[in-house]
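Take 1 as the starting number for the sequence shown in the working numbering and just add one per residue.
Calculated directly from the structure, the hints in this document are not laboratory data.
Please note that a few of the clues may not be correct.
Said to hold, decoys possible - Computed Cβ-Cβ distance ranges for the label pairs, DEER-style: (1) Thr304 <-> Thr225: 29 to 37 Å; (2) Gly114 <-> Thr72: 28 to 36 Å; (3) Thr456 <-> Pro221: 23 to 31 Å; (4) Thr304 <-> Asp222: 18 to 26 Å; (5) Ser412 <-> Thr333: 52 to 60 Å; (6) Asn107 <-> Cys335: 50 to 58 Å; (7) Asp495 <-> Thr225: 20 to 28 Å; (8) Asn147 <-> Thr333: 41 to 49 Å; (9) Ser412 <-> Asp222: 13 to 21 Å.
Note that the structure is predicted; figures quoted are calculated from it, not measured.
By construction, the Cβ of each residue, glycine as well, lies at the ideal position given by its N, Cα and C atoms.
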Amino acid sequence: MKRTTTYLSLLCFFLLYCFINQTHAQNPEVINDGRLKVEIWATQLWTNLTDDGSDPEAVVRDIQVRVPNSSTGTYYTSPAGFHAFIDGEDRHAWYNLTSGQVSVQNNPGLASDGVGYKLLDETYPSSIAPTRFEWKASEFFENDCGNDFIFESSCGLFGALDDDEREFMNNWEDGMHGDASVFDLRGTQEGEVGYVQADYKGNNRFSIMFAYRWTWVDALPDLCTSPMYQDGPVELRVEYLGVWSDNHNDGGGLGGDEDLRVRIQAKDNIDASYNALQILWESQADPEWNLHNYQTPLYSKSYTTADTDFVSFDINIEVWEEDGCGSDTTFDTGCSNADENQYQGVVSVNWRDAVPNEWNYVDLKLRNNTSTEDNYTLWIRYSWTIGAPQILAQPTPQEIQVCTGEAPPSFSVATENVTYFQWQVADVSTPICPTTANWTDIPGETCANFTPPTTTGTFIYRLLAMNRSGMGNMMDSGDRLDVVYSDCFAVTYGDCVEVAPKVFLQGPLVASLMDDDLRTSNLIPLAEPYTGLGTAPPSLNPNAMTTSGVLVNAGNDAIVDWVIVELRDAAMPAIIISSKAALLQRDGDVVDEDGVSAVKFVGVSAGMYHVAICHRNHLGVMTGAAVMLN
1 MKRTTTYLSL
11 LCFFLLYCFI
21 NQTHAQNPEV
31 INDGRLKVEI
41 WATQLWTNLT
51 DDGSDPEAVV
61 RDIQVRVPNS
71 STGTYYTSPA
81 GFHAFIDGED
91 RHAWYNLTSG
101 QVSVQNNPGL
111 ASDGVGYKLL
121 DETYPSSIAP
131 TRFEWKASEF
141 FENDCGNDFI
151 FESSCGLFGA
161 LDDDEREFMN
171 NWEDGMHGDA
181 SVFDLRGTQE
191 GEVGYVQADY
201 KGNNRFSIMF
211 AYRWTWVDAL
221 PDLCTSPMYQ
231 DGPVELRVEY
241 LGVWSDNHND
251 GGGLGGDEDL
261 RVRIQAKDNI
271 DASYNALQIL
281 WESQADPEWN
291 LHNYQTPLYS
301 KSYTTADTDF
311 VSFDINIEVW
321 EEDGCGSDTT
331 FDTGCSNADE
341 NQYQGVVSVN
351 WRDAVPNEWN
361 YVDLKLRNNT
371 STEDNYTLWI
381 RYSWTIGAPQ
391 ILAQPTPQEI
401 QVCTGEAPPS
411 FSVATENVTY
421 FQWQVADVST
431 PICPTTANWT
441 DIPGETCANF
451 TPPTTTGTFI
461 YRLLAMNRSG
471 MGNMMDSGDR
481 LDVVYSDCFA
491 VTYGDCVEVA
501 PKVFLQGPLV
511 ASLMDDDLRT
521 SNLIPLAEPY
531 TGLGTAPPSL
541 NPNAMTTSGV
551 LVNAGNDAIV
561 DWVIVELRDA
571 AMPAIIISSK
581 AALLQRDGDV
591 VDEDGVSAVK
601 FVGVSAGMYH
611 VAICHRNHLG
621 VMTGAAVMLN
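Whenever a hint applies, use it, and build me the whole structure from the sequences.
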């Protein structure tokens, strides 16, 4: 972008220019973050060019824009031949291209709509999409005779009425100081019309206001409904770069530079109030971009995992021309040298769709209308940084059984840096985390919490957690999204029976209680050991887990060890209908993995069964007769 000041020393200006160019160079022209549709319009013209007192009769020929069409250095370019002629009443005012005060000539195919004259409309066929666009025009001149759009130099006696003040801009790189023709595309919200002010300055000056809009062709994943965002830690930084003003000829009547004041403060959408007010002093001899306070911090905030729905920031800004009336830092009237050209308002920026982990540059139209020497445009940049998605706490337990008619438990996964959640289900029911399964997204399950459906059978679920920190958001290769998966867990739903057997292990038995030496020596594993030993794993809950909280309990209900409970056929006891890993308490009670509940067998109908108890170091035991279970 072109941002110039006229009173800085040449050395200071050169250093500032180099720094601005370096900041632009940080962002590549294309990144691999998804197919886009890009639209660009020409909307307004401004000039200070006039040689007949006040009326501007300025011409800009061949206004064009272009965007990269890939990472190969080629471009989508709007056609040449779009010309604009301002036949207005005042200079230092903005003229809409669709108004009667601007005449246009446009190539076939260029259309005028509610935004302006559309110059370019491209849909990218691949995920390599642009972050910036460029502009140029072929020539600028003052029209005094003949055809409005053609430069003519033989219209009157001694050339008195000839067109004049002609300048050329034949190359895309001919913008002032080499950076004028490049603008960021992606600092606005997806689907929102944004604006950038393109300037050209030689002996005369023109400004063109371009509008742009970008929209995803491939939508991002669905967001959780509430909260919509909870993806901290996230860092937001906002900086003031400069303000453009067309104030000219000091309003105090004494001549000299315009003394501008910028009172500015900011907040985000979840703040109750603005941060501390800053008062910036700017000075200009002619209409220009004021960069004396370049990179002034406006706002910064560190969001944590507890913050929700932080999506935008507001800038409360007041700008005026200070003529010495009253205080130097407040807008004052009632004096002969009253302050003037005041603008006061709030501008908002939704940053959620902008490129993460990079600076995003935005022009914000404060006042751009037909008022003479009374217009302002704000230039800012901002960044929001987010790290790789992390799952801090996995869903537990890994295997649960739910009886028909009962409500399944809700699973909640603790995360950080996760913007998008998607629960998935596997097309197989074993093992606990199948490596060859096909996973299907569960419609509507896009939050950190998940309640499994009450569908009969065994189903394996996992959480897909995502954000936009993928390398494709910073270069022309890599993934658009960074993803991480939770552990798998299985839910079995159906008819069930419960059994509360009582059994004693002979070795540790002392009187009516067993010793819990394994527990006190921290030798009882959290996971059932039978699958790992190579013996027949429990059919219902291989890799069953208990918790450390269960194993710290002392007293009669302290855990002695893991056992396997089997349900066997009533008529043919050698046939195992179902088996399950369970925990044995000191008083002989056999309980489920939670350490307190009766042992639940899901998928088993009520009826007569033999109940057997097995232990890795003891002979198994079985009821002599079948018992009724329900």
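Cross-check of the supplied hints:
1. Thr304 <-> Thr225: 29 to 37 Å: violated, 21 Å
2. Gly114 <-> Thr72: 28 to 36 Å: The hint (28 to 36 Å, Cβ to Cβ) holds, given that Gly114 and Thr72 are roughly 34 Å apart.
3. Thr456 <-> Pro221: 23 to 31 Å: Roughly 30 Å apart at Cβ, these two residues keep to the hinted range, so it holds.
4. Thr304 <-> Asp222: 18 to 26 Å: holds, 24 Å
5. Ser412 <-> Thr333: 52 to 60 Å: Given range 52 to 60 Å: holds, Cβ gap about 59 Å.
6. Asn107 <-> Cys335: 50 to 58 Å: Given range 50 to 58 Å: holds, Cβ gap about 53 Å.
7. Asp495 <-> Thr225: 20 to 28 Å: Hint violated: Cβ distance 34 Å, outside 20 to 28 Å.
8. Asn147 <-> Thr333: 41 to 49 Å: Holds, at about 46 Å.
9. Ser412 <-> Asp222: 13 to 21 Å: holds, 19 Å
The earlier numbered hints that this structure contradicts are 1, 7.
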